[in-house]
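Enquirer: Chain by chain, the residues run as shown.
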Amino acid sequence: MNKPAKARIASTSLAGCFGCHTSFLDMDERLLDLIGQVEFDRSPFTDIKHCGPCDIGIIEGGVCNAENVHVLREFRANCRILVAIGACAINGGLPALRNHLSVSSILEAVYRTDMIPNDPELPLLLDKVYPLHEVVRIDCFIPGCPPSSDTIWKVLTDLLAGRQPELSSRQIRYD
Amino acid sequence: MTDTFMLDGKKIRFREGQTVMTAAIDAGIYIPRLCFHPEFKPHGSCKLCTVKINERRVSSCTTPAAKGMVVESDTHEINDERRMLLEMLFVEGNHFCPSCEQSGNCQLQATAYELGMTSSRFDQFFPNRAVDASHPDYLLDFNRCILCSLCVQASRDVDGKSVFAFSMRGIHTRLIVNAGSGLLADTRFDGKDRAANICPVGVIIKKRSGFKVPIGQRRYDTMSVSSPEK
Ligand code: SF4
Ligand code: SF4
Chain A
0 MNKPAKARIA
10 STSLAGCFGC
20 HTSFLDMDER
30 LLDLIGQVEF
40 DRSPFTDIKH
50 CGPCDIGIIE
60 GGVCNAENVH
70 VLREFRANCR
80 ILVAIGACAI
90 NGGLPALRNH
100 LSVSSILEAV
110 YRTDMIPNDP
120 ELPLLLDKVY
130 PLHEVVRIDC
140 FIPGCPPSSD
150 TIWKVLTDLL
160 AGRQPELSSR
170 QIRYD
Chain B
0 MTDTFMLDGK
10 KIRFREGQTV
20 MTAAIDAGIY
30 IPRLCFHPEF
40 KPHGSCKLCT
50 VKINERRVSS
60 CTTPAAKGMV
70 VESDTHEIND
80 ERRMLLEMLF
90 VEGNHFCPSC
100 EQSGNCQLQA
110 TAYELGMTSS
120 RFDQFFPNRA
130 VDASHPDYLL
140 DFNRCILCSL
150 CVQASRDVDG
160 KSVFAFSMRG
170 IHTRLIVNAG
180 SGLLADTRFD
190 GKDRAANICP
200 VGVIIKKRSG
210 FKVPIGQRRY
220 DTMSVSSPEK
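Same order as they appear, the protein sequences are chains A and B.
Position 157 (the first sequence) corresponds to 156 in numbering that gives the first Met the number 0; numbering is contiguous.
Position 184 (the second sequence) corresponds to 183 in numbering that gives the first Met the number 0; numbering is contiguous.
Please note: incorrect hints may appear among the correct ones.
[Said to hold, decoys possible] Quick partial rundown of chain B residues pointing at chain A, CB under 10 Å, derived from the structure:
1) G67
2) H94
3) G115
4) R120
5) D122
6) R128
7) V212
8) S223
9) V224
10) P227
[Stated by the list, open to error] Here are the simulated SDA-like pairs of lysine to any residue, each with C-alpha atoms no more than 25 Å apart in a straight line:
11) K211/B with L30/A
12) K51/B with N64/A
13) K206/B with A129/B
14) K48/A with L30/A
15) K66/B with D131/B
16) K127/A with P63/B
17) K127/A with F125/B
18) K127/A with R120/B
19) K9/B with P97/B
20) K153/A with H99/A
21) K127/A with F124/B
[To be verified] Where chain B lies over chain A, by a calculated footprint (3+ residues, C-beta under 8 Å):
22) 13-22
23) 89-100
24) 130-138
In short, the hints are calculated from the structure, not lab data.
Note that CB positions come from ideal geometry on N, CA and C, so glycine has one too.
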């Protein structure tokens, strides 16, 4: 008998701290279960550089620079279901604490006016740090800083079973 | 003598002078709320406690209970509207729960958990609001104020100090401190005031006590906001 095709998952961190990915790995032996059902595309777990067609894309971190916008659009173009994971992806989180300051005042305070890095390789900072859903359509949100591995597991198993993910009030946490 | 009305198909007994909200609380039934507090005169401003009576939306905290009325509260339609109000409150301020001392004890956050809010459908305002850390024992983080007015009422009606007030109107409404300088240190505010312990969110914060109770062991980490109060 043919095995059912594995679902393809991609993941990345934009303006995030990789805490959500770490919490993802915290699902311990359930990872073995998961790996039986899915294959990873672009992700810090594989080091594939560009995202191909996927069933699920998971993004941690908000959008703070031009490169984040490109990566986010690549994910949106390739992933059937796009998941925003963690406080930063959902409302900008800690990096968005800069949002009431102008970019120039931040750069001048950090680098002094004569030393602001200006290499074309460096992505340009956006005026503010934005939540993902203010830039592209997002299908599903997993709040938390980071969300617990149980909550991540619940959403993934719902999605893999073709269900609309439903979190109970106990599984929803913002801290 | 007690009369009754119907709330989501349940018979609720009430006494003369009770509102839909207080009768529901006495019956152990939760109606979401933020600006309502049993010690203070209700003013129906947050609209979280909106219910439907005869197809009309009213604030349950200000609507007198009446014999035979039929009240809808815990319905998909009304809860969706409540969630929308919560989402507006979240984007209007700066609510970074992971760095907020009130996280886990916060009524706004716990109500959003209860109503299943995972994100906001609205764009963030990211307002620029300063923190007032002038007072030796308390700080005010205006980024999180939801304008429930409880501190205004407590300071005026219980403490007799009127330390807090609202200024401006509509979307520009903001909480101010009654002092020429606008600073808390220049008022008679004291940690023993009722106003010091009334804020349902993380604005009026006691200094040097942060994170004494770790996140994960706080009020709404162990119970839900809908648990009966008695
Ligand atoms: S006041 Fe409540 S909702 Fe706002 S940041 Fe603090 S915990 Fe979160
Ligand atoms: S500071 Fe707190 S109690 Fe006062 S109006 Fe704002 S949210 Fe309400």
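Enquirer: Sort out which numbered hints this structure fails and list those numbers smallest first.
Expert: Checked against the structure, the hints that fail are numbers 1, 7, 10, 11, 12, 15, 16, 19, 20 and 22, while the rest are satisfied.
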